[in-house]
Amino acid sequence: MSALSDQLVTFAILTYLVAMISHAVEFALGNARKVAVAAPARELVGAGVGGAGGSVDEPATPSVPERPDRSTGRAVLAGRIAAWLTVLGAALHLGAVVTRGIAAERMPWGNMYEFVLTVTWIGAAAWLVVLWKQPSLRRLGLFLTLVMVLLLAFAELKLYVQVVPLMPALQSYWFIIHVSTIIFSSGIFLLGVVPAAAYLMRAGWEQGRRSFPYTLARRLPAAAGLERLTFTLHAFAFPIFTFAVIAGAIWAEAAWGRAWGWDPKETWAFISWVVYAGYLHARATPSVKRSVATWIAVVGFLTVLMNLFGVNFFFTGLHSYAGV
Amino acid sequence: MTTVDDRPTTPPAEAPRRRVNPVLALLRNSWRQLTSMRTALILLFLLAVAAIPGSVLPQRGVNPEKVDQWFVDHPDLAPRLDQIGAFAVFGSVWFSAIYLLLFTSLIGCILPRTRDHVRALRMRPPAAPKRLDRLPQHAALEAPAAADPAAIAAVLRRRRWRVAVRGNEVSAEKGYLKETGNLLFHTSLIAVLLGVAAGSWYGWHGNRILVAGADNAFCNTRQQYAEASLGPRVDSADLPPFCLTLEKFEADYLDSGQASRFWATVSVDSPGDTPRTAGFSVNSPLRLDGANVYLLGNGYAPVLKYTDRYGKSQTSDDPFLRTGDPNATEEGVALFPDANVDPKTGRRAADQQVAFDGLYLPTVGDQPPYVASQFPAERNPALNLTAYRGNLGLDAGIPGSVYQLDQRQVDNGKLKQVGTKLLRPGETWTLDDGSTLEFVGTRPYVTLAVRHAPGQTLLLVASGTLLLGLMGSLFARRRRVWFRVSPPEGGSPTSGSSLVEAGGLPRTEHPGFADEFAQLVAAVSGDAPDRRRAREGDE
Ligand code: HEM
Numbered sequence: 001m002s003a004l005s006d007q008l009v010t011f012a013i014l015t016y017l018v019a020m021i022s023h024a025v026e027f028a029l030g031n032a033r034k035v036a037v038a039a040p041a042r043e044l045v046g047a048g049v050g051g052a053g054g055s056v057d058e059p060a061t062p063s064v065p066e067r068p069d070r071s072t073g074r075a076v077l078a079g080r081i082a083a084w085l086t087v088l089g090a091a092l093h094l095g096a097v098v099t100r101g102i103a104a105e106r107m108p109w110g111n112m113y114e115f116v117l118t119v120t121w122i123g124a125a126a127w128l129v130v131l132w133k134q135p136s137l138r139r140l141g142l143f144l145t146l147v148m149v150l151l152l153a154f155a156e157l158k159l160y161v162q163v164v165p166l167m168p169a170l171q172s173y174w175f176i177i178h179v180s181t182i183i184f185s186s187g188i189f190l191l192g193v194v195p196a197a198a199y200l201m202r203a204g205w206e207q208g209r210r211s212f213p214y215t216l217a218r219r220l221p222a223a224a225g226l227e228r229l230t231f232t233l234h235a236f237a238f239p240i241f242t243f244a245v246i247a248g249a250i251w252a253e254a255a256w257g258r259a260w261g262w263d264p265k266e267t268w269a270f271i272s273w274v275v276y277a278g279y280l281h282a283r284a285t286p287s288v289k290r291s292v293a294t295w296i297a298v299v300g301f302l303t304v305l306m307n308l309f310g311v312n313f314f315f316t317g318l319h320s321y322a323g324v
Numbered sequence: 001m002t003t004v005d006d007r008p009t010t011p012p013a014e015a016p017r018r019r020v021n022p023v024l025a026l027l028r029n030s031w032r033q034l035t036s037m038r039t040a041l042i043l044l045f046l047l048a049v050a051a052i053p054g055s056v057l058p059q060r061g062v063n064p065e066k067v068d069q070w071f072v073d074h075p076d077l078a079p080r081l082d083q084i085g086a087f088a089v090f091g092s093v094w095f096s097a098i099y100l101l102l103f104t105s106l107i108g109c110i111l112p113r114t115r116d117h118v119r120a121l122r123m124r125p126p127a128a129p130k131r132l133d134r135l136p137q138h139a140a141l142e143a144p145a146a147a148d149p150a151a152i153a154a155v156l157r158r159r160r161w162r163v164a165v166r167g168n169e170v171s172a173e174k175g176y177l178k179e180t181g182n183l184l185f186h187t188s189l190i191a192v193l194l195g196v197a198a199g200s201w202y203g204w205h206g207n208r209i210l211v212a213g214a215d216n217a218f219c220n221t222r223q224q225y226a227e228a229s230l231g232p233r234v235d236s237a238d239l240p241p242f243c244l245t246l247e248k249f250e251a252d253y254l255d256s257g258q259a260s261r262f263w264a265t266v267s268v269d270s271p272g273d274t275p276r277t278a279g280f281s282v283n284s285p286l287r288l289d290g291a292n293v294y295l296l297g298n299g300y301a302p303v304l305k306y307t308d309r310y311g312k313s314q315t316s317d318d319p320f321l322r323t324g325d326p327n328a329t330e331e332g333v334a335l336f337p338d339a340n341v342d343p344k345t346g347r348r349a350a351d352q353q354v355a356f357d358g359l360y361l362p363t364v365g366d367q368p369p370y371v372a373s374q375f376p377a378e379r380n381p382a383l384n385l386t387a388y389r390g391n392l393g394l395d396a397g398i399p400g401s402v403y404q405l406d407q408r409q410v411d412n413g414k415l416k417q418v419g420t421k422l423l424r425p426g427e428t429w430t431l432d433d434g435s436t437l438e439f440v441g442t443r444p445y446v447t448l449a450v451r452h453a454p455g456q457t458l459l460l461v462a463s464g465t466l467l468l469g470l471m472g473s474l475f476a477r478r479r480r481v482w483f484r485v486s487p488p489e490g491g492s493p494t495s496g497s498s499l500v501e502a503g504g505l506p507r508t509e510h511p512g513f514a515d516e517f518a519q520l521v522a523a524v525s526g527d528a529p530d531r532r533r534a535r536e537g538d539e
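From first to last, the protein sequence lines stand for chains A and B.
Under UniProt numbering, the first residue of the first sequence carries the number 1, and numbering increases by one thereafter.
Under UniProt numbering, the first residue of the second sequence carries the number 1, and numbering increases by one thereafter.
Read the hints as simulated data drawn from the structure, not as lab findings.
Keep in mind that the hints are not guaranteed to be accurate.
What the hints assert, rightly or not - Quick list of the computed label-pair ranges, beta carbon to beta carbon:
(1) ASP325/B x ALA224/A: 40 to 46 angstroms
(2) ALA217/B x TRP295/A: 43 to 49 angstroms
(3) ARG287/B x SER291/A: 36 to 42 angstroms
(4) PRO129/B x TRP295/A: 35 to 41 angstroms
(5) PHE212/A x LEU254/B: 50 to 56 angstroms
(6) GLN519/B x TRP295/A: 52 to 58 angstroms
(7) GLU65/B x PHE154/A: 43 to 49 angstroms
(8) VAL72/B x TRP84/A: 56 to 62 angstroms
(9) SER291/A x GLU227/B: 26 to 32 angstroms
(10) PRO22/B x LEU302/A: 54 to 60 angstroms
(11) VAL49/B x PHE154/A: 25 to 31 angstroms
Since we're looking at a predicted model, the values are computed, not measured.
C-beta atoms are modelled at their ideal positions from N, C-alpha and C, and glycine is treated no differently.
Make the full structure from the sequences, and use the hints.
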């Protein structure tokens, strides 16, 4: 079972890689103007957590009728193929997570390898939900698959460990509650950084910047929609992350005798939380530019990464399950 | 989902010009600055940055040994960093200054907003603007099912809008939960801070090792802790009196050596109660009245019986400490400072003290060097000891560790090595002077943290309301709609052919509002939404 999981991870990476190439082809062939204009102003309301209103689409903005253009047609085809490959990749990825869990006879979140494996799957799955609700954002898939390939390859090469049962410190139902919510919110934050980065490039492009990273954004969806998606994803993930931190504190009280002890992991969770709170504030303040706010969200994700990798590599703390 | 300033009553732009006291003006300005959103943002950012050194540098409150090590490794830098509180970041002046300012700003922010919000809750939804067709959402309904203001109001009320009817106009508003949630969230933050403060003022904790056996029982007094810290409002006398004896400790290991279960059984003796037995484990602490006992670690204390050259025996069962090796190699020392007292004279030569130091290996390997255990459970236990005789240096007045030999005495030749041996349980080692050391066996020990942390309940409740408030604040949306019933030319307002105009204003950026508005209009006109399409507009 464990070997099967390892093989599935490899296949998932390869599938994401081919999806990425396919997205790149779409990029190379695509007609930017058309995509930008045709973007309907639909909004994802975080997978059923939308509160009042639920997920409802605004009546679609009249889109420019597509000219039958051969290169555009091929671009759309490449994009569709990329999207379906991403679905396949996510399915293989899910298979890898599940078989790993079966092999370990527990939730597959016992060490850093498994952690990254699951976080990235959440990111990929959430991306597919976004894609389903807003097909016009498909081109973001290039960045998403890139992130997937990088993180998964890193996990497989650098973090891989054999399947082992949980150490006693992790045998608690709080383990499931705390870790699953951390993973879930981290996965959404991971996905959120994709439209955030895309927005920063696209906004620069729309303001007339024509130097390197901005030129990449020529064929991206319109900035306003990217920005809104960025916010929606973060607003969705933030309360879950908050809950996860609280659950962690409750567990820490039971396990270590203190709810909060400024262990490096806790410190970085605090930092992430404060930075994301800063993002929400900045976005709610009219005098703060949207690009500045979005940068704060990107910084927030860097702190999440720091917690995921940096803390395990550089510091030792009570969160000793890192397994590297 | 952002609000564009949500306050119903904006302060008047220009107060009548008066000569103001410059000091007062400065104060007022500073207060305004402090409570502005921009300042809150900067302070939040500072808070995040200020926390970073707390994870990069070792912290006294978390890991004092590492701090000491840091001082050894960086003798120049460490004292200077220490001066600015770098090894106790979260209690430092600058860190406290940031969060106290932030919370002052927060209070200064919450208070006026609460006042405004309460006012808004009491107020009736505002009157309709003159031109409803200028609003982001607008529709004109001809001959709707609900054609008079009261009927429209009823439709809205059924959909949980707050409604006010003024003449031929209906005003409605929804989504107060957003601001309520936001205020609840920010107020909960203050409660969390208070909970933390209560915990640090009125809480205490101590750590110690408890070796099995009634002769090693420990009672909850400050002196009995290896390390203890009492909050500023706690007195030693406040510690609840109870005594603990470790009866039994069980540890299960997998074949890989990874632990799968720990279980400590203690007897608890509190005054006024009959002694009872209780078990606890990692993740499920022993909860006593006024304190919780947490299991942090475990190990073995070798029982060593030394019989000196005069035939007098003493026994040591000091714990050997884990070296950090997952297979539980332990390091320790057995000191016999009172050995070799001449029974005739009652005196002892200063250089006749005895000590043994070395390693305890729960599972020793087949071949030397016997320096690392092969498995954490006691499958094939052995002690790898070195014997010393001489002056242990305990009388010098320098406090020594019970877990280590005073290396200075060895270095200056006052303590001499007199042999090494691998010793298994039950074996006896005869030294050069005829004295003997018997390895009787081992006793398990546990590392305990005993804690009292008041304010936890407040923290838990505040965390819950914080989360609820946050969700309300993030996911609720504030919006207003108006309906105006115009009587048909010359007719009465209730006649069948009256015209109803509707307008909607999302006060929170929210793309679903157009649909909601369309549905509302449809409900008022009493038919399907597609017959009368609400005019689209941008949010
Ligand atoms: C301890 C420091 C603070 C933290 C951790 C914090 C956290 C947050 C968070 C997470 C949100 C997002 C929820 C939402 O969007 O409604 C928020 C919103 C908000 N905060 Fe704070 N806050 C703090 C201090 C302040 C201060 C000092 C002010 C006043 C200047 C303030 C004013 C607001 C306002 C007006 C919103 C609503 C934004 C909106 O409508 O989206 N907060 N805060």
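Cross-check of the supplied hints:
About 58 angstroms separates the C-beta atoms of ASP325/B and ALA224/A, a value inconsistent with the hinted range of 40 to 46 angstroms. Checking the proposed 43 to 49 angstroms range against ALA217/B and TRP295/A shows it is violated: the Cβ atoms sit about 59 angstroms from each other. With their beta carbons about 51 angstroms apart, ARG287/B and SER291/A fall outside the hinted range of 36 to 42 angstroms. Between PRO129/B and TRP295/A the C-beta distance comes to about 37 angstroms, which sits within the given range of 35 to 41 angstroms.
Our hint of 50 to 56 angstroms for PHE212/A and LEU254/B holds, since their Cβ atoms are close to 53 angstroms apart. Take GLN519/B and TRP295/A: their Cβ atoms lie about 38 angstroms apart, and the range 52 to 58 angstroms is violated. A C-beta distance of roughly 33 angstroms is found between GLU65/B and PHE154/A, which places it outside the suggested range of 43 to 49 angstroms. Taking 56 to 62 angstroms as the suggested C-beta distance range, the pair VAL72/B and TRP84/A conforms, at roughly 59 angstroms.
Distance hint check: the CB atoms of SER291/A and GLU227/B are about 50 angstroms apart, inconsistent with the given range 26 to 32 angstroms. The hinted window of 54 to 60 angstroms between PRO22/B and LEU302/A is violated, with their beta carbons roughly 45 angstroms apart. Range check, VAL49/B to PHE154/A: Cβ separation about 27 angstroms, and the 25 to 31 angstroms hint holds.
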